[in-house]
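In order, the protein sequence lines correspond to chains S, L and C. Numbering of the first sequence is given in the working numbering, commencing with residue 1 and proceeding in unit increments. Numbering of the second sequence is given in the working numbering, commencing with residue 1 and proceeding in unit increments. Numbering of the third sequence is given in the working numbering, commencing with residue 1 and proceeding in unit increments.
Think of the hints as simulated: they come from the structure by calculation, not from any bench. Incorrect hints may have been included.
[As the list claims (entries may be wrong)] Heads up, simulated DSS-like pairs for lysine-lysine below, C-alpha to C-alpha not over 30 Å straight-line:
1. L:K35 <-> L:K134
2. S:K103 <-> L:K33
3. C:K103 <-> C:K35
4. C:K134 <-> S:K35
5. S:K103 <-> S:K35
6. L:K103 <-> C:K134
7. L:K134 <-> S:K103
8. L:K33 <-> L:K103
9. S:K134 <-> C:K33
10. C:K33 <-> L:K103
11. S:K33 <-> C:K103
12. S:K134 <-> L:K103
13. L:K134 <-> C:K35
[Said to hold, decoys possible] Here are some of the chain L residues that sit facing chain C, going by a computed Cβ distance under 7 Å:
14. R49
15. L85
16. P107
17. V121
18. I125
Heads up, the beta-carbon is just placed ideally off N, CA and C, and yes, glycines get one too.
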Amino acid sequence: MTSDLPVLLAAVSVLSALHMGFQARRVGWSRMKFKIVPPIVTGPPEFERTFRAHQNSVEFYAIFVVLLWISGIFFNEVVAALGGLVYIVGREMYFTGYISESKRRLPGFYLVSFVLLFLAVTAAIGIFQAFLDKYL
Amino acid sequence: MTSDLPVLLAAVSVLSALHMGFQARRVGWSRMKFKIVPPIVTGPPEFERTFRAHQNSVEFYAIFVVLLWISGIFFNEVVAALGGLVYIVGREMYFTGYISESKRRLPGFYLVSFVLLFLAVTAAIGIFQAFLDKYL
Amino acid sequence: MTSDLPVLLAAVSVLSALHMGFQARRVGWSRMKFKIVPPIVTGPPEFERTFRAHQNSVEFYAIFVVLLWISGIFFNEVVAALGGLVYIVGREMYFTGYISESKRRLPGFYLVSFVLLFLAVTAAIGIFQAFLDKYL
Chain S
1 MTSDLPVLLA
11 AVSVLSALHM
21 GFQARRVGWS
31 RMKFKIVPPI
41 VTGPPEFERT
51 FRAHQNSVEF
61 YAIFVVLLWI
71 SGIFFNEVVA
81 ALGGLVYIVG
91 REMYFTGYIS
101 ESKRRLPGFY
111 LVSFVLLFLA
121 VTAAIGIFQA
131 FLDKYL
Chain L
1 MTSDLPVLLA
11 AVSVLSALHM
21 GFQARRVGWS
31 RMKFKIVPPI
41 VTGPPEFERT
51 FRAHQNSVEF
61 YAIFVVLLWI
71 SGIFFNEVVA
81 ALGGLVYIVG
91 REMYFTGYIS
101 ESKRRLPGFY
111 LVSFVLLFLA
121 VTAAIGIFQA
131 FLDKYL
Chain C
1 MTSDLPVLLA
11 AVSVLSALHM
21 GFQARRVGWS
31 RMKFKIVPPI
41 VTGPPEFERT
51 FRAHQNSVEF
61 YAIFVVLLWI
71 SGIFFNEVVA
81 ALGGLVYIVG
91 REMYFTGYIS
101 ESKRRLPGFY
111 LVSFVLLFLA
121 VTAAIGIFQA
131 FLDKYL
């Protein structure tokens, strides 16, 4: 029964969830390093960049999961899962880049944006085909 | 095989994901307009309203997706998908209203809250019926 | 047909979505109590703790939903759903604790972190088994 399940999408999703947890953890470590006690969210530039890097990942995480699964189920699971892996790499580039300097978040940001666009386009193609199959 | 897939839920989900991306983009444009470089998130009232409008959408996006799919699968796909379209319209009203003036976010907010409640109630009804089917 | 659907995961998801909505509502009530008009997000410590308590729930909500469903589908639905209930309890402990005093958020935070780790580990085990079934 489980042999029909989209195991690659699930694997990439769990990996991305762990990566999100790891980013939250690094915000916690940055709090300790600079002694910034919750609920305070302002402080030295490095802390604020770390905090915002995580927030940006949060802002896009649900969008990523939605597009990953719809692209993977309606278009192609392997292609979407590979896209998901590239997204995680882009998120890590974004996070580590942003912490060092604001501008260094950009390469990761472009990569992440490209993957989201790619997943959205492939999802739309897959939905269009499934729509024709189902209703016409 | 793809003819069994909830294609309307998928279509509304991708549309809502693109709308979320568009809102993030407008925060970026507002940053450029007022020259507010990340990680700064404070500035002129218009920028702060734009920033918070997007944040509010982010806060509710995963809730929306969860209720949309559960309502659509356990209650009725067409009804849930139409609810999802109204939600996106409400989010756009909220966003554009909020940018012009804080109080103008309210009509969109009420519409969005109504749709979420509607999806939650229909989801609960569908779950209750499925629970009776499966366990009793 | 509906008798095959993961009704327990759906029920816990809707419950958690309502709990998220309730937390957002309490931020709104805190705004009224301290007369803090949007888009302002700073104010007396109690308001800032309430605001941040909600934000933390938002940051983890999509991660929770992803792990809940993958653990429930690939490992065991009943176990994952019970984990989800404990997560909601932990979130409530976190929220009410945080509002009273920053340090009192910690018991709920540890419980919530433990559940997420548990769901991630069970999800990984389930994915590993499904991967062997499907590809080997």
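Going through the hints against the structure:
For the given pair, K35 (chain L) sits about 57 Å from K134 (chain L) by alpha-carbon distance, which is inconsistent with the 30 Å threshold. Pair hint K103 (chain S) plus K33 (chain L) holds up; C-alpha atoms about 18 Å apart against a cutoff of 30 Å. With a C-alpha separation of about 25 Å, the suggested pairing of K103 (chain C) with K35 (chain C) holds against the 30 Å cut-off. Simply put, K134 (chain C) and K35 (chain S) have alpha-carbon atoms about 49 Å apart, too far for the 30 Å limit, and the pair is violated.
Under the criterion of a C-alpha separation no larger than 30 Å, the hint pairing K103 (chain S) with K35 (chain S) is consistent with the structure, at around 25 Å. The straight-line distance between the Cα atoms of K103 (chain L) and K134 (chain C) is roughly 54 Å, outside the 30 Å bound, and the hint therefore fails. Distance check on the hinted pair: K134 (chain L) and K103 (chain S) sit about 54 Å apart at the alpha-carbon level, beyond 30 Å; violated. Straight-line distance between C-alpha atoms of K33 (chain L) and K103 (chain L) comes to about 23 Å, which keeps the hinted pair within the 30 Å bound.
For the given pair, K134 (chain S) sits about 52 Å from K33 (chain C) by alpha-carbon distance, which is inconsistent with the 30 Å threshold. Restraint check for K33 (chain C) and K103 (chain L): satisfied, since their Cα atoms lie roughly 18 Å apart, inside the 30 Å limit. The suggested pairing of K33 (chain S) with K103 (chain C) holds, with an alpha-carbon distance near 18 Å, which does not exceed 30 Å. A C-alpha spacing of about 43 Å is found between K134 (chain S) and K103 (chain L), which places the hinted pair above 30 Å, so the restraint is violated.
Proposed proximity of K134 (chain L) and K35 (chain C) is contradicted: the alpha carbons are some 49 Å apart, above 30 Å. Given hint, R49 (chain L) at the interface with chain C, holds; its Cβ is 5 Å from that chain's nearest Cβ, closer than 7 Å. The interface hint given for L85 (chain L) is broken, as the beta carbon of that residue sits about 19 Å from the closest beta carbon of chain C, more than 7 Å. For the restraint placing P107 (chain L) at the interface with chain C, the shortest Cβ-Cβ distance is roughly 15 Å, beyond the 7 Å limit, so the hint is violated.
At about 10 Å, the closest approach between the beta carbon of V121 (chain L) and any beta carbon in chain C exceeds 7 Å, and the interface hint on this residue is violated. Taken as an interface hint, I125 (chain L) does not check out: its beta carbon lies about 11 Å from the nearest beta carbon of chain C, beyond 7 Å.
In summary, the numbered hints that this structure violates are 1, 4, 6, 7, 9, 12, 13, 15, 16, 17 and 18.
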